[in-house]
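This note's numbering applies: residue 1 is where the sequence shown begins, and numbers increase by one.
Any given hint could turn out to be false.
Unchecked claim - As a list, the in silico DSBU-like pairs of lysine-lysine whose alpha-carbon atoms are at most 35 Å apart:
| id | residue 1 | residue 2 |
| --- | --- | --- |
| 1 | K206 | K142 |
| 2 | K71 | K208 |
| 3 | K3 | K158 |
| 4 | K3 | K70 |
| 5 | K208 | K220 |
| 6 | K3 | K71 |
| 7 | K71 | K2 |
| 8 | K3 | K142 |
| 9 | K134 | K3 |
| 10 | K18 | K70 |
What the hints assert, rightly or not - Pairwise CB distance ranges (calculated):
| id | residue 1 | residue 2 | range |
| --- | --- | --- | --- |
| 11 | I58 | N155 | 20 to 28 Å |
| 12 | H161 | S31 | 31 to 39 Å |
| 13 | Y195 | H115 | 20 to 28 Å |
| 14 | H115 | A149 | 24 to 32 Å |
| 15 | N15 | P164 | 32 to 40 Å |
| 16 | I52 | I160 | 29 to 37 Å |
| 17 | L51 | Q17 | 20 to 28 Å |
| 18 | D211 | N159 | 44 to 52 Å |
| 19 | Q183 | K71 | 12 to 20 Å |
| 20 | E128 | I160 | 40 to 48 Å |
| 21 | N49 | K158 | 41 to 49 Å |
| 22 | L184 | D211 | 28 to 36 Å |
| 23 | G187 | K71 | 32 to 40 Å |
Simulated from the structure, these hints should not be mistaken for lab results.
Where is the CB? At the ideal position from N, CA and C, for every residue including glycine.
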Amino acid sequence: MKKLLLVSIGTNQNNLQKSDINNLNNPTILSSNHLNASILVRIKNFNSNNLIYFHNRIRLFSMQISCQFKKVIPFSIGLAVANLIDPGLKADLYSDKPWLQSPILCAMNIVSVTHPPHPYNFNTTQKELLEDTKLLTNHPLKSASDRRAYFLNSNLSKNIHFNPDHVYHFDFFGPSIDFNTFQLSLGIHIDITRYLNHQPVRFMAKSKSLDTTLFVIEFKLVEE
């Protein structure tokens with residue numbers, strides 16, 4: 001029987017809600033004691049719907065998050081599944097529940113920090129969210145590579161906080177995983193469900209200082 005991708009989003013694993021994929025007019029809205037957020041998941045070729053975002057790119061998925069924190073939060077927020085090229089990556093791929101984790105400011109492909117208002121209008125950036133970290137640090141960061149290198153240095157990043165007066169925009173994308181089929185392309189096609197013990201793939205943003213989950217994005221295949 002044919003399987004279809006289901007994406008669910010919530011502030012933790014226990015309150016996930018179905019999310020519209022590729023719907024620029026209907027991002028998933030979250031609110032908790034810690035943040036307000038809008039999250040849009042884009043999947044290339046989902047239901048034969050290709051967005052301008054994917055044109056002339058090798059990206060297969062995108063998770064774009066726009067959030068405003070309700071209190072000052074230290075830098076120690078991690079994304080619990082991360083880009084394999086991320087130098088801040090920690091992992092355990094051999095446990096019953098395999099995981100990867102990285103500081104969120106290192107894991108994200110694009111980071112942009114702006115002043116409010118919130119929520120974010122995803123229709124204004126169908127093509128690209130642009131890197132802009134001037135409000136994040138006074139240190140000149142010219143690229144995502146500079147940002148990752150800077151925030152890997154604990155002495156430099158220890159005084160960085162997420163400011164409730166700013167809105168944080170993140171785009172996390174990749175060229176290797178097709179979530180329509182859960183196939184990983186590395187020259188050959190690999191069914192990643194075999195290595196995940198047939199569990200869903202969850203991306204979890206967790207605050208170490210607050211000892212809490214901030215948001216969860218879950219991918220799984222379900223029978224039509």
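To see whether the hints hold, each was checked on the structure:
At most 35 Å may separate the alpha-carbon atoms for a hinted pair to count; K206 and K142 meet this at roughly 27 Å. Restraint check for K71 and K208: the C-alpha separation of about 15 Å stays at or below 35 Å, so the hint holds. Proximity of K3 to K158 is assessed by CA-CA distance (about 45 Å); at most 35 Å being required, the pair is judged violated. Restraint check: the Cα-Cα separation between K3 and K70 comes to about 39 Å, which exceeds 35 Å; the hinted pair is violated.
Under the criterion of a C-alpha separation no larger than 35 Å, the hint pairing K208 with K220 is consistent with the structure, at around 26 Å. For the proposed pair K3 and K71, the alpha carbon gap of about 41 Å is over 35 Å, so the pair is violated. Restraint check: the Cα-Cα separation between K71 and K2 comes to about 45 Å, which exceeds 35 Å; the hinted pair is violated. Using a Cα cut-off of 35 Å, the hinted pair K3 and K142 is violated, with the two alpha carbons roughly 42 Å apart.
Under the criterion of a C-alpha separation no larger than 35 Å, the hint pairing K134 with K3 is inconsistent with the structure, at around 44 Å. In summary, the hint linking K18 to K70 is supported, as the alpha carbons are separated by about 25 Å, within the 35 Å threshold. Between I58 and N155 the beta carbon distance is about 36 Å. The supplied range of 20 to 28 Å is therefore violated. The supplied range of 31 to 39 Å is broken by H161 and S31, whose beta-carbon atoms lie about 21 Å from each other.
The given range of 20 to 28 Å is broken by Y195 and H115, whose C-beta atoms sit roughly 42 Å from each other. For H115 paired with A149, a C-beta distance near 26 Å keeps the hint of 24 to 32 Å intact. N15 and P164 have their C-beta atoms about 23 Å apart, which leaves the hinted 32 to 40 Å range violated. The supplied range of 29 to 37 Å is met by I52 and I160, whose beta-carbon atoms lie about 33 Å from each other.
Restraint check, L51 to Q17: a C-beta distance of roughly 22 Å satisfies the suggested window 20 to 28 Å. Take D211 and N159: their Cβ atoms lie about 21 Å apart, and the range 44 to 52 Å is violated. Checked against the hint of 12 to 20 Å, the pair Q183 and K71 fails, with Cβ atoms roughly 41 Å apart. One distance hint, 40 to 48 Å for the beta-carbon pair E128 and I160, is violated here, with the actual separation near 25 Å.
The hint said 41 to 49 Å for the Cβ distance between N49 and K158, and at roughly 43 Å that hint holds. A hinted range of 28 to 36 Å for the beta carbons of L184 and D211 is consistent with their spacing of about 32 Å. G187 and K71 have their C-beta atoms about 46 Å apart, which leaves the hinted 32 to 40 Å range violated.
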